[in-house]
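Trainee: Going line by line, the protein sequences match chains A and B.
Letter 189 of the first sequence, counting from 1, is numbered 189 in this note's numbering, and no numbers are missing.
Count along the second sequence from 1, then add 198; that gives the number in this note's numbering.
Hints in this document: simulated from the structure, not taken from any laboratory.
The beta carbon of each residue, even a glycine, is placed where N, CA and C say it ideally should be.
Don't take every hint at face value.
[Stated by the list, open to error] A few chain B residues that don't get close to chain A, going by computed Cβ distances all over 10 angstroms:
id, residue
1, G205
2, A393
3, A425
4, F550
[Said to hold, decoys possible] Short derived list, chain B residues pointing at chain A, Cβ under 10 angstroms:
id, residue
5, A352
6, L356
7, T422
8, S441
9, D515
10, T520
11, P585
12, H636
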Amino acid sequence: MSFKLKSVILGVAVLSVLPLTVWAQQTGYPGGADYPFGTPASKADIEAWDKDVRPDGMGLPAGSGSYKAGAQIYAEQCASCHGAKLEGVRDQNLPQGGGPALIGGRGTLNTPKFKQTVESYWPYASTLFDYITRAMPYTAPGSLKPDEVYALTEFILAEGNIVPKTAVMDAKSLPKVQMPNKDGFYPDNRPYPVKRYD
Amino acid sequence: MDDNPIGEAVAEADVERALEQAQEKCEAVFRPGPRQTNEQSDCDCKEGMFPQGKLGTSSRRAFLRSGGLLTAAAAIVPVKALAQDASGDAPWSMPGRIAKSDYGTRASFEKVARLASFGGTSSLTPLQASTGIITPSGLHFERHHNGVPTIDSAQHRLIIHGMVDKPMKYSVEDLKRFPSTSRILFVECSGNSNAASRSASQKTAQEAHGLTSTSEWTGVKLSTLLAQVGIKDGAAWVLAEGSDGAMLSRSVPIDKMLDDAMVAYAQNGEAIRPENGYPMRLILPGWEGNINVKWLRRLKIGDKPFMTREETSKYTDLITLTGKARQFSWVMEAKSLITFPSGDMRLPGKGFYEITGLAWSGRAPIERVEVTTDGGRTWHLASLQEPVLPKAHVRFRFPWHWDGSEAILESRATDQTGYVQPTKAFLTATEGVGPTYHYNGIQSWKVAADGSVSNVLQA
Chain A
1 MSFKLKSVIL GVAVLSVLPL TVWAQQTGYP GGADYPFGTP ASKADIEAWD KDVRPDGMGL
61 PAGSGSYKAG AQIYAEQCAS CHGAKLEGVR DQNLPQGGGP ALIGGRGTLN TPKFKQTVES
121 YWPYASTLFD YITRAMPYTA PGSLKPDEVY ALTEFILAEG NIVPKTAVMD AKSLPKVQMP
181 NKDGFYPDNR PYPVKRYD
Chain B
199 MDDNPIGEAV AEADVERALE QAQEKCEAVF RPGPRQTNEQ SDCDCKEGMF PQGKLGTSSR
259 RAFLRSGGLL TAAAAIVPVK ALAQDASGDA PWSMPGRIAK SDYGTRASFE KVARLASFGG
319 TSSLTPLQAS TGIITPSGLH FERHHNGVPT IDSAQHRLII HGMVDKPMKY SVEDLKRFPS
379 TSRILFVECS GNSNAASRSA SQKTAQEAHG LTSTSEWTGV KLSTLLAQVG IKDGAAWVLA
439 EGSDGAMLSR SVPIDKMLDD AMVAYAQNGE AIRPENGYPM RLILPGWEGN INVKWLRRLK
499 IGDKPFMTRE ETSKYTDLIT LTGKARQFSW VMEAKSLITF PSGDMRLPGK GFYEITGLAW
559 SGRAPIERVE VTTDGGRTWH LASLQEPVLP KAHVRFRFPW HWDGSEAILE SRATDQTGYV
619 QPTKAFLTAT EGVGPTYHYN GIQSWKVAAD GSVSNVLQA
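Chain B on its own, in the form it takes in the complex (with noise of 0.2 angstroms):
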């Protein structure tokens, strides 16, 4: 039997107990003052596993700042009926909120949230919290180069013209107009990691490989857009841009344009949102995020690359052990990561967990994926849920009995093509230490003896 068992077995005194914690808590809600520091040592819960900071944390004094009691029900029922009677029910099991036709949103008890970095020019997933394969739209990490623009998608328009025989404008509604594909399909930074790269000092998997989301998107394919405008012979190359201030622009090859590349007018069933790309996107299947370009509204057909100045000055990988550097580097290779356990939780106790994480390649499905608990010395082969999509996150768990010892947690990806996450001593021996684009070595979690979880670099 494991010592740590989930769940609690249910004696009387838990439900008296619980009948008192119940009146506790709504008196809380409405008297201020002193009484509510007790908050602090109201909890039994199994919180533990989560980070203690503000990530990810739902800390019943959060719970009842949040106002969900009030909120939901203070409005319909009178007080006396929140603070329980004697059936035992939760103070919830009362009528509730009535549907209502607006936007839905989570349960007001969730605080799982993107983290904004420095100067706001991107925000994080919360990997640690994901479940399945996809991202919430609301949590899908953002990178801009100069702010999120507010776009009329009425007035916004796309043209494609340079080497075409009939250059064309298109709105939305015209877009809307053409056979549709939906794919799910990561999208990661290809700076994502970069830090990670370098240091151990990123404590959570968000700090350390938020820069990567997997989403439904749905449009128009490219080759459907190119027919309709007539590529002239001899056109190699498309130059994509963006209505941002930051006109970000990237030359993409017209193999990839014509194989799988679409111009996405949604996310996960909804218009895509605003820092994603609203109302209109590049999507580039497995292709550095970067390049999928946002707010497209210009696609310019020509026979050489433009050069711009993300291909160029950025998102070009300097290999500082020749000083030279590689480019039009856009494939993002294989790649995984623990998200649980991971960075800042702390397990309660020895036992049973269910070791999860996502793994993906740019390059080619997943075919495996393996997972170590001794820093590297032995690997099993992890399980893999269906369905194993093509250049999408793939979900992957693996059972755990942990004894109670120190622990190192790691996972490496393989993909069909035979490609194998590499370690970081790899990496580093054939790219010295760079401003690292593209870094998918292993991520390292060392489990502690007293359960907490930390970043460590690969020994």
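With the rest of the complex left out, here is chain A (with noise of 0.2 angstroms):
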């Protein structure tokens, strides 16, 4: 076979194939990461929300608190709805009836009278600091900044007699702090060998 005609075979060849692809492209979903809708998130987009915590301290912003200035803004800006002692607070006036103890409770768990408060329950201070900076105070949501929220962190935490009255909290030192019922969770094991009925 000539060279030329070799190539005239290839030219058709390549003709006939080419329609083929262009049609294959333009029908059908194109599937894959080849949706060009929406816009990319920039840095700013992203810091603005971005303030999840986790019990390995990803997520801890710099900053500091101590148990007395937690004392002050918990006496101004959580007592009404969680009771000066931490107790809970049942008021069919306040939003959901009031807020519930945060702490008390150690050593009900496998009892009828469980009562499951930060102090007897919750398996990591992350998930304290998590909860306060995004959900409360429950009228103002977002409002506390992060010097604030380790501060309430270490007072809940020392009133709980997790922590030393001194101590200080921040991203270092939070992560390390050991709850009493860390080792209270397991994975689902359900479903339970349940007898068929045939």
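Each chain sits in its own coordinate frame; assemble them with the hints.
Mentor: This is the structure we're talking about:
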């Protein structure tokens, strides 16, 4: 076969394949990563919302807080719903009828009078920081600064006899806090073997 | 022949009487004062099957109070026309309201409603009045941790970031350009039936089990979205965060996200209702309601669970027998419930009744539902309404001829894994008396000889 003939055959082959390829791109679902919708999220977009904190400390911001500072913020912004002694409040005039107790209940989890609180039940101190940052105070969530949240975390944990009142809470110390019920959880073990009835 | 035939034979006299009543009724509408008290005795109806209380009742009094006749007809027809002529036609057999183009509403006589909890953090679906499998959006249960936010969908954004190659931001309009998917799915709060695990003090199916509903959800598959951002090696968990006041967040394993998760923007053919996550929410078929994060604004890909408050302090299942708690118990196990007859109804007399109810499982399609009318001594296969959809409510039915003596009605569901809905006794023996999430014990309704139906604990 001459070179020329080969090129002609190749040319025809290429031409006959080309339109097919084009056609294939124009119908059906592109699939994969080929949907050019939405806009890239900027660093600023992400930073504005990226406030979650993990047990290993990932996400903890700069700052620190003491028991004394925490006690004051607590009295001003939390006690009305959670009680001066962190014992919880039941009052129909408050949102949700008041806030739950934050301390107490150690040793009750295996009894019919179980009482689940930050002190008795929560496995990680990071959850306290994370939750207060995002969700409390109930009527103004997201309004507290990192220093204030560190202070509140220290105050609540100290009232629950988990850390000393002299401790200072920051990105280094918080992940080291050992919660009393840290080993109280296990992954889902269902379904139970349930008897078939036939 | 049954003693309690359905409907009534028509006699001349009935027509006469209906005519008179219609006249009275119309007068009552217009005449204030003592005359209205007559309405109380004006009940030859079959409403006895339904609760006497505020739920699901549509007495004639309510019917008149609602002003249905007035608003529908009075504007167009003179009062005289309402007061009947000799033709024997009902007062509504006359020119009706002409077409309107705005959003439709149900008949003014229909009063079935959700029931809000103390504190307003939830409202319950009126399951006792349910038919078929779809819950109307306006009756879908709600549960929220700091109220229902008012979100402008034009300004709402979903950000996907973390262990990804290309962090992205999506508006509702962006999501609508993606290939869409629709599924009919139940959503059930894992705290549903919690109180029923300990007592029979909840009177109705709604009060005892109303935190479950079924909708058609439409949106974009998470696998499609994750393909856009590109997940990095080692990614294992996704934090899903809502934009409500509670900023509710949960950790979801990436396998579930890639399997059948979707970001939904529509419910039953229209935008999701505000209380159910407008303008977008996460849908994780078969998994506890709480993790189907509503008002979704952020998905962060990571390598470990984030251990948020809703997967530590809450939505973990303390087993009081051991003092230890089950965590990451997402699947809603097989469960069923007789919705008719059910608590707080009254059967008018012995005879034929179609027992009906709902069954669902978050693990596998429902394989069968059995019904007992003698408290579990004998079980009968119920028929399942097609289509039997996986991870959706399934409607079951069983024909029953009530002989007028006391009866205990129960149903139990089996899914295709072979899992059988357990008894309360079984669950108490395995878990103790906990702050029960995921309670799926068999529900018993007692029909007393006088036809009244009540919630009872299993023997």
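Trainee: Against this structure, judge whether each hint is valid.
Mentor: Here is how each hint holds up against the structure:
Here B/G205 stays apart from chain A, with its beta-carbon at least about 38 angstroms from theirs, past the 10 angstroms limit. Every CB of chain A lies more than 10 angstroms from the CB of B/A393, the least distance being 16 angstroms, so the non-interface label holds. With a cut of 10 angstroms on Cβ distances, B/A425 falls inside the contact zone with chain A, its closest approach being about 5 angstroms. For B/F550, the shortest C-beta to C-beta distance to chain A comes to about 27 angstroms, beyond the 10 angstroms cut-off, and the non-interface label holds.
Below 10 angstroms, beta-carbon pairs count as interface contacts, and B/A352 has none with chain A, the closest being about 15 angstroms; its hint is therefore violated. The beta carbon of B/L356 is positioned within 10 angstroms of a beta carbon in chain A (closest approach about 9 angstroms), and the interface hint is therefore held. Checking B/T422 against chain A: minimum C-beta separation of about 7 angstroms stays under 10 angstroms; hint holds. Satisfaction of the interface hint for B/S441 is found here, the shortest Cβ-Cβ separation to chain A being roughly 9 angstroms, below the 10 angstroms cut-off.
For B/D515, the interface hint holds, since its Cβ comes within 10 angstroms of a Cβ in chain A; the closest pair sits about 9 angstroms apart. Among the interface hints, the one on B/T520 holds; its C-beta lies about 6 angstroms from the nearest C-beta in chain A, closer than the 10 angstroms criterion. For B/P585, the interface hint is violated, the least distance from its beta-carbon to any beta-carbon of chain A being 24 angstroms, above 10 angstroms. Hint status for B/H636 relative to chain A: holds, with the closest Cβ pair at about 8 angstroms, below 10 angstroms.
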